[in-house]
Amino acid sequence: MKTKKFASLFLASSLLVGVLAGCSGGEEGSSSGGDTIKIGANLELSGAVASYGSSEADAIVLAVEEINAAGGIDGKQIELIKVDNKSDAAEATNAAIKLTSQDKVTAIIGAATSGNSVAQVQIATDTKTPMISPSGTSTTVTVADNGKVNPFTFRTAFIDPFQGTVAANFAANELKVKTAAVYADNASDYAKGLAASFIKDFEAAGGKIVAEESYVAKDTDFRSTLTRIKGSNPDFVFIPGYYEEVGLIVKQARELGIDVPLMGADGWDSPTIVDLAGADALNNTFIITAYSAEDPDGKAKEFADKFTEKYGKAPNSFHALGYDSVYLLKDAIERAKSLDGTKIKEAIEATDNLELVTGLYSVDEFHHPIKSATIIEFVNGEQVFKTKVNP
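When you line the sequence shown up against mature numbering (1 follows the signal peptide of the UniProt record, and there is no 0), it's residues -21 to -1, 1 to 370, in that order.
Please note: incorrect hints may appear among the correct ones.
With a straight-line cut-off of 27 Å between C-alpha atoms, the simulated DSS-like cross-links for lysine-lysine are [unchecked claim]:
id, residue 1, residue 2
1, Lys61, Lys309
2, Lys316, Lys289
3, Lys127, Lys367
4, Lys61, Lys77
5, Lys157, Lys187
6, Lys17, Lys61
7, Lys55, Lys285
8, Lys61, Lys316
9, Lys17, Lys285
10, Lys292, Lys230
Please keep in mind that the hints were generated in silico from the structure rather than gathered at the bench.
Produce the entire structure from the sequences given, and follow the hints as far as they go.
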């Protein structure tokens, strides 16, 4: 998922040496022992994207409760330690330091966004603590800029390029559109990566890009740019971004008479988008996501029923990804037969066709998941399952 480009982060590793020394994720370096296994949750519980982190936290709690009620992992109860990174990269780094050095967790789940996940990578590597980002879709979460795989970092969500490809193929092959405009956040690696992938694959499918425009996060008035997009007369508009801006973009686009299909990726997937855009404006819009509560798959429906019973509402993809992250970690610990961080990460690397709520899950050599994506259509403010796309 979903990533916000954060300002260059100075980890000050020289100051962390003393803090991190001896904090390996192995059994000797971790206080997980006796009857408990400590798992950290480094999530956006407040701040700009609190909707994502809070959703994942709710589902993580549900998964932990289920596992503990069933006897835990190899007879040990999970002790969940949640830390709020406040939707900020520097805070995410601090939270990772706390979880590894003070709480001595066996593994970390989080963050929800790619930027806040990348901010923890060095800590996870230095302490040999497996880290799973439920929804960090940027390739940089698991692969550094130099092309090397971040050894202890994994994700549950599919990667950005896959989402762009899915959107392009859906527009060209399902909606049968010939021309498209792209409107992306120019300060977001997430949005720029999706836009590049969409453009490449839409053109490869025979489509024509008639407009490429950008906006800046926190903008609230998009009418001038949307007027230019309208003037290019596209059959379809791809808007990779986050719900805070996208909700307003959709609302203003419809007000200006742009009535063609609009589409985005998992960054749209928040209940808040309906409040921002309005139910009518969201008609004839589509999103790519990891999960739909209406998915006819039995495991997906079972999760939806359990989540609704506990929280009184239907789950979204962030709920499902948070839930799956716990079960991915549980499976790896059981196969590793150890709380050693290196053995757990090796077990995650060996994961092959693990049945999760969001579909079968395998890991490639870059720690990217191999899994399916779901396309959802908004109908009168409700998310309606459209189709599922395999990699």
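Is Lys55 within 27 Å of Lys285, Cα to Cα? holds (23 Å)
Pair hint Lys17 and Lys285, alpha-carbon separation not exceeding 27 Å
Distance of about 24 Å is within 27 Å: holds.
Exercise. For the pair supplied as a hint, Lys61 and Lys77, confirm whether the alpha-carbon distance does not exceed 27 Å.
Key: Since the Cα atoms of Lys61 and Lys77 sit roughly 11 Å apart, the hinted pair holds (cutoff 27 Å).
**Prompt:** Within 27 Å, alpha carbon to alpha carbon, are Lys61 and Lys309?
**Reply:** Cα-Cα ~17 Å, so holds.
Check: Can the restraint linking Lys61 and Lys316 be considered satisfied, given a maximum Cα separation of 27 Å?
Finding: Roughly 25 Å between the alpha carbons, so the hint for Lys61 and Lys316 holds.
Would the pair Lys17 and Lys61 pass a check requiring their Cα atoms to be no farther apart than 27 Å? holds (11 Å)
Point to revise | Hinted pair Lys127 and Lys367, Cα distance within 27 Å | key: With a Cα-Cα distance of about 31 Å, the restraint between Lys127 and Lys367 is violated, given a limit of 27 Å.
- Item | Lys292 paired with Lys230 [C-alpha distance capped at 27 Å] | holds (25 Å)
Does the alpha-carbon distance linking Lys316 and Lys289 stay inside the 27 Å limit?
-> Answer violated: Lys316 to Lys289 is near 31 Å, above 27 Å.
Does the structure keep Lys157 and Lys187 at a Cα separation of 27 Å or less? holds (6 Å)
Hint compliance for this structure: hints 2 and 3 are broken, all remaining hints hold.
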